[in-house]
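Engineer: Single-letter residue listing:
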Amino acid sequence: MSAKPSELMITVLHAISTVDDPEYPGISIVDLGLLERCEIDDDAGTVEIGLIPTFAGCPALDVIRADVRSAVEAVAGVQELTVGWLRAPVWTTDRVSERARSALANDFTVAVQVGGEIPPCPRCGWPTEDKSLFGPSRCRSVARCHRCDETIEVLRS
Amino acid sequence: MTETTAPIGMVEYLLAFADDEHLMGQQHTEWIGVAPFLEEDLAFSSIGQDELGHAVQLYELVLELDGTEATDEAIDGLAYRRPAAHYRSSTLAEYVTTDWAEALVRHWLYDTVEELRWQLVVDSAHQPLADVAARARREESFHRRHADALLDPLLRSTDSRSRLLTALDSVGPHLPSLLDAPSGERGAVTIGAASAPLASVGPEVATAIETRFDRAVPEPWTTPATAGRTQRDPGFGALMARMLEVLDFDPDATW
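Protein chains in written order, with my numbering: chain L, 805 to 961; chain A, 22 to 276.
With the rest of the complex left out, here is chain A (with noise of 0.2 Å):
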């Protein structure tokens, strides 16, 4: 690395994508084998390992501009062993849901805002990130079509419908989560390293809605929060503890 010095702000901003999409992917390969069929087993596994692949890559953007050498072992330390207070997922990455409708309609919210987050960083200032952004946006085009494509059928049965827009009501309450700046946002927008803040996609992610769902959306979901994503969801400890299981259960392995 020739640059020594992190730009302020810039490793907090990579840390909450990272973090939103490390949490995401392993919530999503939660649904191996109990998904309802199984092309909804190999989706969701296959999306997981996409997301998980992202988080990879951010945690290594991390590391990089902080001079570390982006090891397996340096990339597990961020993901997995920071304290609580030292993530900035988004509680609609952490939050647990064992209700595939809200599994489903999760999924393709959060991939709706992350196909937009991505565009916000293609043309990156901080060309590894535009190089990761570009390969990711190719890959989370597969993601809402497969979301639409199950979401189509399913919006026109009466029964599935009204339990999915029960599920838009637990998941959209943690949109503002979602759209919230971590601390380091403004100075990324301010280097060129993102076009915008994650904020300004919050009219074009309400339309989506609007359209995807045929309801309007309650202006609450598109406000951001303003806790600089320092406050985990109730879940976020649990959702850690098992992620950890296999990790702790021999910490020495080799894999």
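This is chain L alone, in the form it adopts within the complex (with noise of 0.2 Å):
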């Protein structure tokens, strides 16, 4: 990317942050670190996009994919649209941004685990157990709340 993006460069990257996950609606898929690469050859019109999946098996690609293509599309300007899903390099949850993060812990009871240390509970921030390798998708385990009891989400990779 060059010093200082293009005008076009500003306004796809903005089309692509109002795509949602599926799975968590109002938290942008940039925030939960999809997005890997825009190439974009601003004479042209040509926009490249690679995006990496949670999981490989996510059953959400097509649909984040269809999202994506879209709202580039709609953006002025573009003449020429790939999406593709990137097989390198793998997605951690270190990639999630802080406002991801705290929206999945306001909005979804969703605590984010890096690393190995099961992370404490998104409501009151007391230590949680874990209780189920696997929750409700195939990025989500299962966790209780000593305190509040709360069966927490927990987003890991």
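The hints are simulated quantities; they were obtained by calculation from the structure and are not laboratory data.
Incorrect hints may have been included.
Claimed, not checked - What follows is a set of in silico ranges between Cβ atoms, one per label pair, in the way DEER data are often shown: (1) L:GLY881 - A:ASP169: 48 to 56 Å; (2) A:ALA262 - L:SER810: 54 to 62 Å; (3) L:GLU811 - A:PRO104: 50 to 58 Å; (4) L:PRO893 - A:ALA170: 40 to 48 Å; (5) L:THR850 - A:GLY54: 43 to 51 Å.
Claimed, not checked - Cross-link-like lysine to aspartate or glutamate pairs, in silico, EDC-like; alpha carbons within 16 Å at most: (6) L:LYS935 - L:ASP911; (7) L:LYS935 - A:ASP62; (8) L:LYS808 - L:ASP846; (9) L:LYS935 - L:GLU954; (10) L:LYS808 - L:GLU843; (11) L:LYS808 - L:ASP845; (12) L:LYS935 - A:GLU61; (13) L:LYS808 - L:ASP824; (14) L:LYS935 - A:GLU60.
Ideal Cβ positions, reconstructed from N, Cα and C, are used throughout, including at glycine.
Work from the hints to combine the two standalone chains into their complex.
Structural biologist: The structure is reproduced here in structure tokens:
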């Protein structure tokens, strides 16, 4: 990317950031770390977007790609658009932004696990206990808070 | 694709891996709703989802080597529409069981081998395969952890231990088929796409079984078969028919 992003680049990146994860309405796929590459030829109006999946078998991949496609297609100046899923790098939870972390905690009672330790309760900050390695979807496990007895979903990689 | 000619054997080598992942993934999903408890419903569906995800990626690699665009239809074509004799899956992934103990032992055994199998290609000279392996290995670590966490208490109680050992006696004889080399394996090793043949993990698998189940492993179990994965398990036809039931109900449906 050049030092000063072009106007088209800024508009395209903004368009991508309006795409929410289907599992978490209100949380952008960019904040979840799914956007890896955005190459733009300003003169030709060609845009190439590379995304990475949380897990290879995620059933939402087609939906996300279609959402990104329609968001970017609507940008003036985009002549040719490619949206693809990349094989590398591997998605990890350290790609999740602070903004997404607090939205996951506040709106979905989801904690984000980075590294080996089970994260604290997103409601009260108390330690949680691992209950099930697999949860409601492939990227989430289930824990329980010792204090509020709340069932916590844990986003992990 | 810049590459126009597929290295000899790579396609068969990748198909064997893809077919195993596909069938194992499908078989795991059969436990949704009927596993002994809710956590297992979730675990088996998630693990099945991973294996299906790996299968899709491996089928994509096959299509790319073949110079074909990896559309959903093309992937389904490889996964569902080849003649039985063209599959390169192992009977371990093909045979059908409705016994929970067997499903659990097979899950453990398959994932024990699978972890080692990804290890063989994580530094593959075929970069796309190395990329797929990097992600898959990370996902695999959850599978073994899950199976071990369940087997730990079950192997301590007398009744469940004896059921699991009976199950092991049913699953174990399928191990040679899993270690059997598809015809392209030698070529894959020669060009550095894989670091060694799958059969080379046999001794490590035997040790893992001995440690896990605290019993000796009969030698034939880790002696690779030599059919080149060309023979199907008797249950294959019925399994495939069930897998196609929904797809064939409305072949033009979009999902």
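Engineer: Taking each numbered hint in turn, which are not upheld by the structure, reported in ascending numerical order?
Structural biologist: 4, 6 and 13
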